[in-house]
Amino acid sequence: MSLTSKLFYAVSALVLFHSGFSSYEFHHLLKLNPPHNAQSASVITDLPKDIKYEVYVGLLLFILGVFTSFEKLQYLPIENNDGMIISQGNYLKEIALNKATNVNNLVGSNPNGEVIFSPSFVDVHAKRKITREWASNNEKKEK
Amino acid sequence: MSLNEESFSKLNATVNVVDNKKRLLFVQDSCALVLGLAAGFLQIESVNGFLWFLVLYNVINVLYVVWICQLQPGKFYQSPIQDIFFESFFREITGFVMAWTFGYALIG
Amino acid sequence: MSKNLVREKLLTIMNTKVYTQFNPEQLVELENELEIYLKSGDSGLTEGNYFFLMEMIFYVLVYLNQDVDAQVIYNTLRDRLGESSYKMVIMRATLLQINGDDKGAIEYLENLLKDDLEYETDFVTYVSIAKKLIAIKTSSKDLNQEAVLKELVALTDKFPLDAELWWYTGEIYFEMGQFEKSRYCLEQVLCITPFNYTCFARLSETLYYEALRSKKQGKLELLDKALKNALRSVELSELYLKGWALVNVISRELGRGNKNDLVKLSESKLKEISTKSNTKDKITAELILNKI
Chain A
1 MSLTSKLFYA VSALVLFHSG FSSYEFHHLL KLNPPHNAQS ASVITDLPKD IKYEVYVGLL
61 LFILGVFTSF EKLQYLPIEN NDGMIISQGN YLKEIALNKA TNVNNLVGSN PNGEVIFSPS
121 FVDVHAKRKI TREWASNNEK KEK
Chain B
1 MSLNEESFSK LNATVNVVDN KKRLLFVQDS CALVLGLAAG FLQIESVNGF LWFLVLYNVI
61 NVLYVVWICQ LQPGKFYQSP IQDIFFESFF REITGFVMAW TFGYALIG
Chain C
1 MSKNLVREKL LTIMNTKVYT QFNPEQLVEL ENELEIYLKS GDSGLTEGNY FFLMEMIFYV
61 LVYLNQDVDA QVIYNTLRDR LGESSYKMVI MRATLLQING DDKGAIEYLE NLLKDDLEYE
121 TDFVTYVSIA KKLIAIKTSS KDLNQEAVLK ELVALTDKFP LDAELWWYTG EIYFEMGQFE
181 KSRYCLEQVL CITPFNYTCF ARLSETLYYE ALRSKKQGKL ELLDKALKNA LRSVELSELY
241 LKGWALVNVI SRELGRGNKN DLVKLSESKL KEISTKSNTK DKITAELILN KI
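Chains as they are written, first to last, in this note's numbering: chain A, 1 to 143; chain B, 1 to 108; chain C, 1 to 292.
Just so you know, the hints here were simulated from the structure itself, not pulled from any lab data.
Since we're looking at a predicted model, the values are computed, not measured.
Errors might be hidden in some of the hints.
From the derived model, a few chain A residues whose C-beta atoms are all more than 12 Å from chain C [as the list claims (entries may be wrong)]:
| no. | residue |
| --- | --- |
| 1 | 17 |
| 2 | 21 |
| 3 | 30 |
| 4 | 34 |
| 5 | 48 |
| 6 | 50 |
| 7 | 51 |
| 8 | 60 |
List time: in silico SDA-like cross-link candidates among lysine to any residue, alpha-carbon distance up to 25 Å [as the list claims (entries may be wrong)]:
| no. | chain 1 | residue 1 | chain 2 | residue 2 |
| --- | --- | --- | --- | --- |
| 9 | A | 52 | B | 50 |
| 10 | C | 3 | A | 10 |
| 11 | C | 276 | A | 85 |
| 12 | B | 21 | A | 2 |
| 13 | A | 99 | C | 9 |
| 14 | A | 93 | C | 9 |
| 15 | A | 72 | C | 5 |
| 16 | A | 99 | B | 25 |
| 17 | C | 271 | A | 125 |
| 18 | C | 276 | A | 88 |
| 19 | A | 127 | C | 28 |
| 20 | C | 9 | B | 23 |
| 21 | A | 72 | C | 45 |
| 22 | C | 39 | C | 65 |
| 23 | C | 228 | A | 112 |
| 24 | C | 103 | A | 125 |
| 25 | A | 72 | B | 71 |
Even for Gly, the Cβ is constructed at its ideal location relative to N, Cα and C.
Let the hints inform the model, and build the full structure from the sequences given.
Right, dumping it as structure tokens:
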């Protein structure tokens, strides 16, 4: 959730609370002095405009908050760390399988890796040997 | 085999379908509740309240299609009209009525 | 925000097990990134995923020859989770292995399999431990491919629903040049994971090699099959590099010229990949295009 959205939520909560309270006070006063005679026509019985507008504004801000809580989906590529961020400019994930897997292609991951990289059959000794050689080569270079 | 061949390109990624529905539901749930609360604050009564909900609920849905789906709801929902406008209608209207009566009683 | 991205990335690496394919440099980078990430404390990380990430760190450390650190991670996990889970068992076997005690590791796993697991109905545990056992035996006893295959086939008889097992068997057959058997294994993988587009591409590749080796009569038929499988893989994943490359190569082999629809289509898709895919795929796609 983005900062803008949180801000909208906070302000709208305040505004809505305030408008609710104003509305409560108005109706409370109306109860205390019920319009009972012919003069009442001139007395306001409708909610004052400013309270109404405040409710509308609070509502609008809340809806904006909900919508700005959506952010364009972003991904980091798997294999390089140069800070590049991939985005297709969508707020939601595409549902067609051939499009959905494109995200994997762009990121460079393989969703079936658990099968095709055969992780259970990794030869630990060979792996360690490679890294050892790599490390010693690195040291030589540094010298 | 021919049926099989047809269906392959029309497959959907189930995870994404569920995910998108969840996000839509969040929008509709929260908006319905706040709409109800606002209706209560404004002391709206009887049919007007339902009209208020109907109009604004659809406005929000349209906004969702325009803003979040970028006018291509078919890309993200299997049957856009059904999924966005009708599927959770009763769920939302009950939520709305609950918040509405709550707000109304609180103020009145 | 960026924390979410890093989390997603690390979880993807963990889920797809791609770290088993990383080169030393990438492993070092991954290890650094993991440590920074875990220290920063992410509230969005579930406890289950936390343990899976710890498991990944363990293996990365093992690959990097940092045995003491790996042992520490193992001890932490053991104190939290106990020793009975198959993941812990496999980790312990790995530790035994790196301490130079392959025999001990083999004995440990064999005893486990004989004593308890033979009679239990736990499908995942038995297969996973049996797979690890084969892996250790392969490297320590220098088993030749035939012997490994014997073990693998025996295991597939027992557990015909393990995709990884079939895939690995298929790979060994492929290395031995027994394409027909390799194909059978890949078809089994596809029965278990029907939307595995990588496997479709691999199947297509196998068929293609088989076609290149076979004589005229069967050749066309095999190539046709290979093309179909390659097309299926790109049907499932629009920008799958290997799939499009195979489509291109095979349709050329079938004698279709530059003006053929498939050749054109695959070329345009390769061009698309070379402009917008990930760095590795971009370079590969460009290389392929240059060769064409």
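Hints, one by one, checked against the model:
Every Cβ of chain C is farther than 12 Å from the Cβ of residue 17 of chain A; the closest lies at roughly 27 Å, confirming the non-interface assignment. Remark: the non-interface label on residue 21 of chain A is consistent with the geometry, its nearest Cβ contact in chain C lying 33 Å away (cut-off 12 Å). Its beta-carbon lying about 47 Å from the closest one in chain C, residue 30 of chain A satisfies the requirement of being farther than 12 Å from that chain. With 12 Å as the threshold on Cβ separation, the claim that residue 34 of chain A sits away from chain C holds: the shortest Cβ distance comes to roughly 53 Å.
Listed as outside the interface, residue 48 of chain A is consistent with that label: its C-beta sits roughly 42 Å from the nearest C-beta of chain C, beyond the 12 Å cut-off. The beta carbon of residue 50 of chain A sits about 38 Å from the closest Cβ of chain C, which is more than 12 Å, so the claim that it is off the interface holds. The Cβ of residue 51 of chain A lies farther than 12 Å from every Cβ of chain C, with a closest approach of about 38 Å, so its non-interface assignment holds. Distance check for residue 60 of chain A against chain C: the nearest CB is about 25 Å away, which clears 12 Å, and the non-interface claim stands.
About 18 Å separates the Cα atoms of residue 52 of chain A and residue 50 of chain B, which keeps this hinted pair within 25 Å; it holds. A hinted pair counts as satisfied when its Cα atoms are at most 25 Å apart, and residue 3 of chain C with residue 10 of chain A qualifies at roughly 23 Å. Distance hint between residue 276 of chain C and residue 85 of chain A is fulfilled; the C-alpha atoms sit about 12 Å from each other, no more than 25 Å. With a C-alpha separation of about 20 Å, the suggested pairing of residue 21 of chain B with residue 2 of chain A holds against the 25 Å cut-off.
For the given pair, residue 99 of chain A sits about 19 Å from residue 9 of chain C by alpha-carbon distance, which is consistent with the 25 Å threshold. Annotation: proposed proximity of residue 93 of chain A to residue 9 of chain C holds, straight-line Cα distance about 16 Å (limit 25 Å). A threshold of 25 Å between alpha carbons decides the hint, and for residue 72 of chain A with residue 5 of chain C the separation of about 12 Å falls inside it, so the pair holds. For the given pair, residue 99 of chain A sits about 23 Å from residue 25 of chain B by alpha-carbon distance, which is consistent with the 25 Å threshold.
Restraint check for residue 271 of chain C and residue 125 of chain A: the C-alpha separation of about 40 Å exceeds 25 Å, so the hint is violated. Note on residue 276 of chain C and residue 88 of chain A: the hinted pairing holds, with a Cα-Cα distance of about 10 Å set against a maximum of 25 Å. Straight-line distance between C-alpha atoms of residue 127 of chain A and residue 28 of chain C comes to about 13 Å, which keeps the hinted pair within the 25 Å bound. At most 25 Å may separate the alpha-carbon atoms for a hinted pair to count; residue 9 of chain C and residue 23 of chain B meet this at roughly 21 Å.
For the hint linking residue 72 of chain A to residue 45 of chain C, the alpha-carbon distance of about 21 Å falls within 25 Å, and the restraint holds. The hinted pair formed by residue 39 of chain C and residue 65 of chain C meets the criterion: a straight-line CA distance of about 22 Å does not exceed 25 Å. Note on residue 228 of chain C and residue 112 of chain A: the hinted pairing holds, with a Cα-Cα distance of about 20 Å set against a maximum of 25 Å. Distance hint between residue 103 of chain C and residue 125 of chain A is fulfilled; the C-alpha atoms sit about 14 Å from each other, no more than 25 Å.
With a CA separation close to 15 Å, the supplied pair residue 72 of chain A and residue 71 of chain B stays within the 25 Å bound.
Of the hints listed earlier, the one the structure fails to meet is number 17.
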